[in-house]
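Below are the chains, spelled out letter by letter.
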Amino acid sequence: MTKHDGGQRLVIEPVTRVEGHGKVTIDLDEHRKVKRARLHIVEFRGFERFIQGRPFWEVPVLVQRLCGICPVSHHLAAAKAMDRIVGGENLTPTAEKVRRLMHYGQFFQSHALHFFHLVSPDLLFGFDADPAIRNVIGVAKKFPELAVQGVMMRKYGQEIIRITAGKKIHGTGAIPGGVNKNVSIEERDFLLKDLDQMVAWSRAALKLCKDYTVEHLKELAPFGSFDSNHLALVRADGAMDLYHGNLRAIDAAGKKIFDQVDYQNYADYIAEEVRSWSYMKFPFIKSLGPAKGWYRVGPLARVNVCDSIDTPEAEAARKEFMALTNGAPNNISMAYHWTRMIELLHSIEKIKELLHDHDLQGEDLVVKGARRNEAVGLIEAPRGTLFHHYRVDDNDQVVMANLIVSTTNNNEPMNRAVTKVAEDHLSGVTITEGLLNRIEVAIRAYDPCLSCATHALGAMPLVVELRAHSGEIVDRRVQA
Amino acid sequence: MTNAGNVLLIGYGNPGRRDDGLGPAFAQAAERMDIPGVTVDAGYQLTVEDAAAIAEHGVVVFVDADRAGPPFALRRIEPREDGRVASHSIAPDALLALAGALFGARPESYMLSVRGYDFESFEESLTDGAAANLEAALRFMAPVLRERSFRAAACESAPFGATAAALCNGDGQCKKASR
Numbered sequence: 001m002t003k004h005d006g007g008q009r010l011v012i013e014p015v016t017r018v019e020g021h022g023k024v025t026i027d028l029d030e031h032r033k034v035k036r037a038r039l040h041i042v043e044f045r046g047f048e049r050f051i052q053g054r055p056f057w058e059v060p061v062l063v064q065r066l067c068g069i070c071p072v073s074h075h076l077a078a079a080k081a082m083d084r085i086v087g088g089e090n091l092t093p094t095a096e097k098v099r100r101l102m103h104y105g106q107f108f109q110s111h112a113l114h115f116f117h118l119v120s121p122d123l124l125f126g127f128d129a130d131p132a133i134r135n136v137i138g139v140a141k142k143f144p145e146l147a148v149q150g151v152m153m154r155k156y157g158q159e160i161i162r163i164t165a166g167k168k169i170h171g172t173g174a175i176p177g178g179v180n181k182n183v184s185i186e187e188r189d190f191l192l193k194d195l196d197q198m199v200a201w202s203r204a205a206l207k208l209c210k211d212y213t214v215e216h217l218k219e220l221a222p223f224g225s226f227d228s229n230h231l232a233l234v235r236a237d238g239a240m241d242l243y244h245g246n247l248r249a250i251d252a253a254g255k256k257i258f259d260q261v262d263y264q265n266y267a268d269y270i271a272e273e274v275r276s277w278s279y280m281k282f283p284f285i286k287s288l289g290p291a292k293g294w295y296r297v298g299p300l301a302r303v304n305v306c307d308s309i310d311t312p313e314a315e316a317a318r319k320e321f322m323a324l325t326n327g328a329p330n331n332i333s334m335a336y337h338w339t340r341m342i343e344l345l346h347s348i349e350k351i352k353e354l355l356h357d358h359d360l361q362g363e364d365l366v367v368k369g370a371r372r373n374e375a376v377g378l379i380e381a382p383r384g385t386l387f388h389h390y391r392v393d394d395n396d397q398v399v400m401a402n403l404i405v406s407t408t409n410n411n412e413p414m415n416r417a418v419t420k421v422a423e424d425h426l427s428g429v430t431i432t433e434g435l436l437n438r439i440e441v442a443i444r445a446y447d448p449c450l451s452c453a454t455h456a457l458g459a460m461p462l463v464v465e466l467r468a469h470s471g472e473i474v475d476r477r478v479q480a
Numbered sequence: 481m482t483n484a485g486n487v488l489l490i491g492y493g494n495p496g497r498r499d500d501g502l503g504p505a506f507a508q509a510a511e512r513m514d515i516p517g518v519t520v521d522a523g524y525q526l527t528v529e530d531a532a533a534i535a536e537h538g539v540v541v542f543v544d545a546d547r548a549g550p551p552f553a554l555r556r557i558e559p560r561e562d563g564r565v566a567s568h569s570i571a572p573d574a575l576l577a578l579a580g581a582l583f584g585a586r587p588e589s590y591m592l593s594v595r596g597y598d599f600e601s602f603e604e605s606l607t608d609g610a611a612a613n614l615e616a617a618l619r620f621m622a623p624v625l626r627e628r629s630f631r632a633a634a635c636e637s638a639p640f641g642a643t644a645a646a647l648c649n650g651d652g653q654c655k656k657a658s659r
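Going down the list, the sequences are from chains A and B. The working numbering numbers the first residue of the first sequence as 1 and each following residue consecutively. The working numbering numbers the first residue of the second sequence as 481 and each following residue consecutively.
So that you can see chain A by itself, here it is in the shape it has in the complex (with noise of 0.2 Å):
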């Protein structure tokens, strides 16, 4: 850490417990209050080079390795383009049901492990404990039945997605136009062994999650939190849909800025902000341009966006979160806990309804179409909206591709959750433990996937630093 007199800019690098390399800086003005704080993110774009002039077909498998934290997603978007390509977007139901199954296979493991990994600690022990404890070795010390349930939830879902995609990891399940493989009744009912364990744990993390946002609601409303848009996929019929469907945006007040957009067409109402200080670019909805048309992906947008859920207990978990704020957008930063928990009980319902389906086990598994040679593939990942946009030539090559990941639909608003955090818990021109500890606690709310950079042994992930209005840096702090 470095201080000079007169200073005035925090930064704050590596943000433990998130992934990747982040750096957060805090920029005072001439009365040494906060002018803003900025999330700076390691983003590589590199990555969409990467993928032009490969067959377009090996572009589902290929997207994997953008990220370790939510390849299927990926694989899933990329899929869904490709279909589109092969004019296959018509799938059969054995393979969409598959696709569905990994997709909610999915969103269970990655809930499951945000919560009793990374926000458990900071609920059970609270903001302020010491970070040698406020981890999930603390939890697992102090409450090792939670603990035990957050590990078994996360490898429940991993074998979803092991018997859907065939690996654990690089799955090549889905392909143009289908997948290559069912699900056998031996693996449907090696799931359905554990299923309604499954269905217990997750109503009760529900609950935790729930009581503890409603007797601190006080703590926690102001809490980096901020009026905003919303952005998310709904079905036809208004209701939740993580896998398919079409585009909706709302205002902080719930008024619809445009609904049942065919997301082919996304580029017509969504724009990319370039800004020199970030690698990661700052989607607006174009009609608003990118001042007020930035928005929140994720789970606290998903349950805003929506008008139902179309199982019966996340269903009525949604009805008691949007009686909260009596029907309108809630816009608690810390809300997203609640409603990725209400997602989390919605992805094993389905995952059920799924695992009793025979559709599941049919032969029919691809079809093709009057080829295209430009898709764009969508689909609610964990942390959000994920768009995967691809042009191919003639001869099979993928000639463009574009990506805005769940993470950069959130990042006006976590710079946003940062700079309110910093206005409301910076003092003098120190980060305090307390600070840092917020800061951190603000931006996992989005659960976000800071860099799909590697993780070799000697790689540090996060930075804070404090700069003075004439520039200077007066305190940084890493949090190793």
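In case anyone wonders, no lab produced these hints; they're calculated from the structure. Glycine is no exception: its CB is placed at the ideal position from the N, C-alpha and C atoms. Check the hints yourself; a few may be wrong.
A few chain B residues facing chain A, derived, Cβ under 7 Å [unchecked claim]:
#1 Gly496
#2 Glu529
#3 Ala532
#4 Glu561
#5 Ala577
#6 Ala581
#7 Leu582
#8 Gly584
#9 Leu618
#10 Val624
Dock chain B against chain A, hints included.
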């Protein structure tokens, strides 16, 4: 149920980032060896659910790429409650601590680090140097895995995070491997 004689080998890293794929590449080759009692797994990174698999084995060998140090090094590692826990991954020593806290597991554990040189490119192949190191590591480890001679083969016990170089001879070779 733990089987003291059973070995779990986990190679981890991102094969799409050139030499970061050394761990999975080692795992793939180890799987082809088809050694009885050795279970092989591979992943982008270690995650909490690996604690459950660890608890079912008497010996665990983690394999990862290393940015520095000798061509390869095998060293004993111990659980560490303050080990690195990232958002969606967990360090081997922290994972061992988690397996201990959750399941009472205390497997004998090792880290095999293999030196890589390029971690930034989006390419699904190893550099020539990393490929050579992988071959050397495989030649060294094949009899170790078959004979379960981990203790004799490993460098001194050291906390995870110490560079492999610190555990090796000045000539850059692993002490045990160069004997």
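Hints and how they fare:
Using the Cβ-Cβ criterion of 7 Å, the hint placing Gly496 (chain B) at the interface with chain A is satisfied: the shortest such distance is roughly 2 Å. For Glu529 (chain B), the interface hint holds, the least distance from its beta-carbon to any beta-carbon of chain A being 4 Å, beneath 7 Å. The beta carbon of Ala532 (chain B) comes within 6 Å of a beta carbon in chain A, closer than 7 Å, and the hint placing it at the interface holds. The criterion of a C-beta within 7 Å of any C-beta in chain A is met by Glu561 (chain B), whose closest approach is roughly 5 Å, and the hint holds.
Checking Ala577 (chain B) against chain A: minimum C-beta separation of about 5 Å stays under 7 Å; hint holds. Evaluation of the Ala581 (chain B) hint against chain A yields a held restraint, the C-beta minimum of about 4 Å falling below 7 Å. With 7 Å as the threshold, the beta carbon of Leu582 (chain B) comes within range of chain A, its nearest partner Cβ sitting at about 5 Å, so the hint holds. Hint status for Gly584 (chain B) relative to chain A: violated, with the closest Cβ pair at about 10 Å, above 7 Å.
Because the closest C-beta pair between Leu618 (chain B) and chain A is about 19 Å apart, greater than 7 Å, the hint is violated. For Val624 (chain B), the interface hint is violated, the least distance from its beta-carbon to any beta-carbon of chain A being 20 Å, above 7 Å.
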